[in-house]
Every structure is written in structure tokens, then in C-alpha cells.
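Chains A and B, in that order, are what the protein sequence lines are. The first sequence begins at 1 in my numbering and counts up one residue at a time. The second sequence begins at 1001 in my numbering and counts up one residue at a time.
These are calculated hints, taken from the structure and not from any lab test. Glycine included, every Cβ here is placed at the ideal spot set by N, Cα and C. Take the hints with a grain of salt, since some may be wrong.
Not the full set, but computed from the structure, chain A residues with beta-carbon under 7 angstroms of chain B [said to hold, decoys possible]: (1) Asp26; (2) Arg34; (3) Asn50; (4) Glu55; (5) Asn59; (6) Asp62; (7) Glu79; (8) Leu86; (9) Gln96; (10) Arg100; (11) Asn105; (12) Ile115; (13) Arg169.
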Amino acid sequence: MTETRTDCEIDTTQPGHAWTFGDDIDTDQIIPSRFLVSTDPAELGGHAFNDLRAEFASNVEDGDFVVGGHNFGSGSSREHAPLSLLGAGVDGVVAQSFARIFFRNGINLGLPVLICPDADQIRDGDTISLRLTEGTVTNHTTGQEYDGEPLPEFLQTIVNRGGLVQHTRAKLGGE
Amino acid sequence: MTGQTISEKLLSEKSGQNVQAGDYVEAAVDVMMTHDVTGPLAFEVFESVTGDDPELVAPDNTAITIDHHAPADGVKAANNHNIVREFADKYGAHQYDVGDGICHQVLVEEGFVSPGDLVIGADSHSTTFGGVGCFGTGVGSTDLGTTLATGKLWFRVPETLRFEVEGDLPDGVYAKDLILKFIGDVGFAGCTYKAAEYGGSAVESLPVHERLVLSNMAIEMGGKAGLVAPDEQTVEFLAAQTGTRPTVPAYTHPDDDADYEAVYRYRADTISPQVAIPSNPENAVPVQEVVGTDIDQLFVGTCTNGRYEDIRIVADIIEAEQLAPNVRMVVVPASRSVYKQMMETGVLQTFVDAGAIVQSAGCGPCFGTHQGVLGDGDVCLATANRNFPGREGSMNSEVYLASPATVGASALYGEITDPREVALNRYDDSVLEGVGV
């Protein structure tokens, strides 16, 4: 699990295993449409990548990471996609680039999403960790460190608060 | 300062400050939409952020449809429908039920959207509203759920890619072929985080039902919005749909010296009918490259090409004919209104006589769970917008995307067929004048 999130702090995640995927992984492949009848993260997590990589849901461990190529999370706006990854215990998604709606949904749910041009150097099963404020990825298996793009500060605030719901509550509460 | 794009002008208006691409703004949202798949999650968010005294910030401008799992294909889907009905009833949102139609079509028909509006929908094809001059964009359930409570949402003002097409479209080439061509040229992610603007004489000449096709599929190049500057045709179209003549705000038109990230220019007469081959919408090729590909199923419908004019083009081709042996055709009108127009003009009869299956209005097999999903090895030619692996069923099925004309022509032969081989019609927005619905 990530360390306790408080404003303007964190943000080194614990190391976890990488599950790597290619380019243009669309949200139909992250969570097929027939499973969208639920909003329960754990139930959705049990079907994450169901058709694309059947062993994912049963073998993923809390604190693992999903690593994508270009345009990760394209297609449908279904927030069930990042929610299923959270439900599966995933601590963050690193990709060379993201589709816009998935990226936004990840932030809104408090799922760390990190754009990292060198994500293709991460191999399936490598142990990695993320530093969100600096936007870097450490590969503990190879000893490499990759530079990514840190989120703008106000988006970090949303992630740190645990997502847009908590952020909006805080704002509506006059903060 | 250089001029502004439509997106920059519209988001300046909605945020109350003069913005340019790259700025982050909080903007006032005019219209909010969700449906039976993204709605239940959005409702949880709404009730979570509003606490003890939940109230929709703008119930009159909140619309919720039941269109994806419609009719319900299982108990869980049916329960979600009830969640939609109960939420709409409790908080006073406009709700459309099974068979009323696809969210994007319903919002246009029912007069929710007017030129210059900022529209968010918890559905990625909410870019459709750009066809009538709205900044329409798809968001997730959390964005939608919080905006239901606050009426405001943050946006990054997008850079804009402009697509200009000059001249007259050749026979067999429709808006669907243009957008497949654009997607093929810039790529599936080529417009990510950006807006598309469509212009030039060929686009200005397009009837509004065709402009909606261009805007709808902006998302298939990653676009945040896909905008056509509204004009007199837009006003006439919306007036015919809703009985009210909207005004066209000045901020829906780009400045002549607007700063575009790139401008793609086309001559209409060089574009041929396009087909996107499996399994990515960016795989657009001229139809002649895939002529002869065997097909098992034809699918006519969706928020892209499920309007009356689209379906009529197919009906014109297959009228008094039979579908080729061993192919099946699934027709799903985009709305109940389209369904009634099909009934009143004899189009429904044409399909039934030809051996096609006509289903109630909704998303149909494009949602991939029901009403004609594909089995292992099946090949489908669809007027739809996505052909990802498994999108319409089996991961081992294949979907080709094309215009209604190409689908209609192919229905006669059971293989992908160049639509220019058959007699084709092209309809302007007035084709339905005199048809009572």
C-alpha cells in the first residue's frame, strides 16, 4: 500500500511488481463491458484484464503496478477501468502516454498515474517504485531510474487527498 | 495576442477569464449527462460529496438515459436501471428509459444542447455535441458526480488540430469516410488532450446530421472535443428537432488568426470511401484495398451512424433485395424518434423484407454484451465507431468500420463492397420535413 497521504507530502510508494502491457490498451480490455454491472472495486478487480491477460486478477498482489506503452486507457470513459485496478490492489499506473479520460479518472480516484517515456524499459515482473512529486520511477531489479512527468501541483493535491470526492468535500467544506 | 480557437473562446466565456491553450480553468458546465453504465457510480459520488442535503445544481440540465444495457440483458443490469430511475425521480433529473435512445442522440433531439454550451457526459462519445457548436467532452463518473453537485469542473484548455476539407465530396464519400481518414492520418492518439476543429467548404456544406459524425469520432483520435462552427444550418436543424430557434453566440467561431497546433488540409475530390480494418479505428484504408473480404454480420446503428438519414441510405440500397446468403444484419436506431421515422417512411418494412433484424433503440452490440454480439471467428462490418479486440463480443472476432453506404452495398454481396458500385443517395437535414413523429 502507499504511505499515508497528506497534503504536500508523500510520496514514495513501496516497491511492487510490474505488470507490463503494450500500446493502445483500451478500457474494454482493462475491464470488459459485461462486467460493468458492478460498482464494487473488489468485484471489478476480480475481472481486470479478464480477456487480455486472464492470470492477472488471480496473481496480482497488493502494491503491484501496471505499466503501459502509449495511449494507455483509450476508448470508453468507463471509470470502472481505473477502479478495477484499485480493487485489484494496484498502487499506480506508469505509461509512456495515457488517453485523456483514463488519466483524469485515475487522478479523480486517487490512483497514481505517471507519464514516463522510458516505461517501455520496464520488464514484466521487475520491482519498481514511484516518486510522484518528482515524477520518477525506480527500477529496483535493474537499478535504473527513469524520469517522468510530475503532475501539476493542484492535481497532486487531488491525488494526495485520495481523489476528487475527498477534494470536493474539502472544498465544499470551505477549505 | 494572436487569435483564439473555438475551444479557447468557449472556455474563456465559461470560466470568465481570457484563456489560451495550456491554461487550467474552472468552468461553468451548462449540461450534464450520464447513463445506465456510468450513472450508478456517478450517483454514489454525488451522494458522497453532498452529504446530508444532496441537491442537483441544475436538475433541468441534467439528463440520464438507459441505453447501454437496454433492454436489460441480466438482473444486475436491470437493477442498475432501477437505480437510474430512482435517482432521477428523487432529485428531479430528466430521465429517458429503455428504448428512448442513445444519450447523445436524445440530448440533441430533446433540445438539451444549444450552440456555445459546455456539455459534459459520462460517456466518451460526448464529443458528438460539437456537431451543433457545443464544447462536448467525455468524463468519468467522479467528474460527472461532483459536477452534478457543483456545476463546475476543471479543464485544461486544449490545443487544437484543425481539419479543413475544400470542395465537393465525391459519390460514395460521407462524413464517416472523412473522419476515418482524419483518424488514419493523425493516429488513434493523435489528438489526445487536444480539440479537433473541422472546417472548409466541404464541412460547411455538410448537413448537421453528418457534422455530428465528425464530432462523435473525435474521441477515436483521442480528442477532448470535436467542433464545427455553428451556422444557419445548425439553427434550422435544432429548430426542426426542438421547435425552438437557438441563438449562435459569437464565441463559437474561431478567429481568422487563431493559433492552431496543426492544420490538415484536404481536397474533397481526393478522398475515397474508407474502411478501418481490425482492430483499431486508425487502420483506415481506401475501400478498394479490402473489397472482397467475407462478412458474417452487418451492423447499422450507434451514436455515430444510427440516425434516420444513415439508416435510410442502407434501406435505399437493399430495397426490394435480399441480404446475401449467410450474412445477418442487425439494425439498431439511435432513438425512438428514428424508429418512428423508419416506420412512417417504410424503411422498417424494407429491412424486415430483406431479412434484417431491427431492434429497439439503444447502443446495441457496440456495447459488446447483447443484441447481436460476435462469436469466435465472426467478421462484422459496422457503421460503429470502435473495432477494438472484443469490442462487439469475442476477442477472436473482427470488426471493420465503414459508412452506412459501404455497409449497405456490402449487404448485397456478403463481402466488403465499394459503395460506388451501387446507386447511392445523400440526404440533407430536410429529408424528414413532413414526416410526423
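Results for each hint:
no., hint, result
1, Asp26, "holds, 5 angstroms"
2, Arg34, "holds, 5 angstroms"
3, Asn50, "violated, 10 angstroms"
4, Glu55, "violated, 15 angstroms"
5, Asn59, "violated, 20 angstroms"
6, Asp62, "violated, 22 angstroms"
7, Glu79, "holds, 4 angstroms"
8, Leu86, "violated, 12 angstroms"
9, Gln96, "violated, 10 angstroms"
10, Arg100, "holds, 5 angstroms"
11, Asn105, "holds, 4 angstroms"
12, Ile115, "violated, 11 angstroms"
13, Arg169, "holds, 6 angstroms"
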